[in-house]
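> Sequence:
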Amino acid sequence: MTSTVPPPSDPAYDIEFFWDPICPFSWITSRWVAKVAAQRDFQVDWRFISLRLINKDKDYATEFPPGYDEGHTAGLRVLRVASAIRDELGRDALGPFVAAFGHSYWDEPEGSVDAATLAKPDHLETVLEAAGLPIRFADALDDDSWDAMIDAEGEMALQRTGRDVGTPLITFQPPDGLSFFGPVISRVPSDEEALELWDAVTKLAAFPGFAEMKRSMRERPQLNLLGGVSDAPVQEDWQGGHRRGHLVSDR
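So in this note's numbering, spot 246 of the sequence shown is number 1664, and the numbers just go up one at a time.
Since the hints were derived computationally from the structure, they do not count as laboratory data.
Just to be clear, a hint being listed does not mean it is correct.
Distance windows between CB atoms, simulated [as the list claims (entries may be wrong)]:
no., residue 1, residue 2, range
1, 1428, 1566, 17 to 27 Å
2, 1475, 1547, 15 to 25 Å
3, 1529, 1594, 37 to 47 Å
4, 1627, 1538, 15 to 25 Å
5, 1428, 1625, 26 to 36 Å
6, 1573, 1508, 39 to 49 Å
7, 1637, 1613, 19 to 29 Å
List of simulated lysine-lysine pairs, BS3-like, C-alpha gap at most 25 Å [to be verified]:
no., residue 1, residue 2
8, 1621, 1632
9, 1538, 1474
10, 1632, 1453
11, 1621, 1474
Glycine residues also receive a C-beta, built at the ideal position from the N, C-alpha and C atoms.
My request is simple: use the sequences and hints to build the entire structure.
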């Protein structure tokens, strides 16, 4: 029987990274965290948060731009596969899966892969092969018995950070260490920059009175799928597919 309860934090892991496959910032931030982990000898526990499930009470027709329901649902389907992998093979099998999936989607040329494609069995079989995992795990795409556990895992993350956040969410020294949303970064830093950013973010998050630091001016995510990578940042008011005033909640 599929468990509806997420696994507890494991002291063997230094970082819990709550990941939704459809979020470009989850992918970029995950590559930053992977660089930090490699240089600091941290162990990363790749955990789940589904944008589709944390928004399950919202009306996608009026509160999101067109296509968001399809994209968020595709992310949930991929998380079902990840859940089946973790359940059978353990947490360490997820790092290669996260990397292989991200490369199969975000690193592809602009317009070459859409949400409808990325959550199809043949695409996931290719991802699983690249990760060195059995392709039979693609069968979990349609297995909604994993959804209750995925939903509970996302709620666990939100209990640590509060609900007015997005993805990704990170806990350093879980479960009672530093938990925060982001950082939302538009490009993967160099190895040296990765450590500098990590130290700055964790220092800020450790201050007991810290609540929020934000700006809306930012470049679009520097990913092949979203148009490629530029040499220098170009700041714009990129809102992840919508501008202020588009959503009901903005009015």
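> Run through the hints listed earlier and report the numbers of any the structure violates, in increasing order.
Hint check: 2, 4, 6 and 11 fail, others pass.
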